[in-house]
Amino acid sequence: DAKTTQPNSMESNEEEPVHLPCNHSTISGTDYIHWYRQLPSQGPEYVIHGLTSNVNNRMASLAIAEDRKSSTLILHRATLRDAAVYYCIRRGETSGSRLTFGEGTQLTVNP
Amino acid sequence: KAGVTQTPRYLIKTRGQQVTLSCSPISGHRSVSWYQQTPGQGLQFLFEYFSETQRNKGNFPGRFSGRQFSNSRSEMNVSTLELGDSALYLCASSWGTGSYEQYFGPGTRLTVT
Chain R
20 DAKTTQPNSM
30 ESNEEEPVHL
40 PCNHSTISGT
50 DYIHWYRQLP
60 SQGPEYVIHG
70 LTSNVNNRMA
80 SLAIAEDRKS
90 STLILHRATL
100 RDAAVYYCIR
110 RGETSGSRLT
120 FGEGTQLTVN
130 P
Chain Z
31 KAGVTQTPRY
41 LIKTRGQQVT
51 LSCSPISGHR
61 SVSWYQQTPG
71 QGLQFLFEYF
81 SETQRNKGNF
91 PGRFSGRQFS
101 NSRSEMNVST
111 LELGDSALYL
121 CASSWGTGSY
131 EQYFGPGTRL
141 TVT
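Going down the list, the sequences are from chains R and Z. So the first sequence is numbered by the working numbering: it starts at 20 and just counts up by one. So the second sequence is numbered by the working numbering: it starts at 31 and just counts up by one.
Isolated chain Z, as found in the complex:
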């Protein structure tokens, strides 16, 4: 069974631009969560989607948004990029929402200049 895939793997953007990251969950998984990882703040939860609905949201500004499609694939968008948005963005999928094990992708490394 293929794992969680994220595209692109690396991205360089300029401050003020917007970016869209993509995540394909493991086949059959309906829950997708997004995390931001930085050296200073560690791993922080952004949001969770299940059955195309946002079920949970972390403490991030409205510039961070996401969506989930009917095939469970998910995208996250960051508008008006700031230097502090430079991070590794990780996607995780699980069978359902709740206390199931999460399977993480390799992440997208975003650099904002």
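Just chain R, same shape as in the assembly:
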């Protein structure tokens, strides 16, 4: 299975930026990095994805290291609603629609 490593938990204060790291040291050249999050009592929610260059959308930014062995999801101003489990997922050419979830990072946002 495509493996990523994330910290079990992180904590942030409301309205401060949050940097969620992910290690994927065995990534292949065609693997995409996807981020999903799961709020309490809900299904997972797509956040962002990228291949090589940094990506931005209305929810977050994704910074991918030059060697692609790691990436960082950036929430520019955390809100209480951002408290969730964040999953970093590698998706390869043969994955199809399959998402291989790890344990993710539990983000706590303090008011």
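Treat the hints as calculated values from the structure; they're not laboratory data. The beta carbon of each residue, even a glycine, is placed where N, CA and C say it ideally should be. Keep in mind that the hints are not guaranteed to be accurate.
What follows is a set of in silico ranges between Cβ atoms, one per label pair, in the way DEER data are often shown [claimed, not checked]: (1) Z/A32 <-> R/S28: 33 to 39 Å; (2) R/T91 <-> Z/A32: 31 to 37 Å; (3) R/H95 <-> Z/S100: 41 to 47 Å.
Fit chain Z to the known structure of chain R by using the hints.
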């Protein structure tokens, strides 16, 4: 645009029974995937359907099966239920099979007694 809908939302069954869960994808989406979520094993991929064909399958016993209809709606079936099948079953849809973003439904909470 309506999101992914799953029915029923909650279900209680007895060991040995069978159960069918339903998923309606977002309009226009042709790929439907199913996942099982438990506290011990986390989120695990069951199978994916695209254009009424199973395209990918996870590591689950044959008691778990699924199908997809011509309107892209999907059902999954679990036969001979075991206590360990108690879980949240999530359905996700996407435009196609491949590296597209997945949209998840709220899930069906199955309890086996």
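task = List, from low to high, the hint numbers that the structure doesn't satisfy.
result = none
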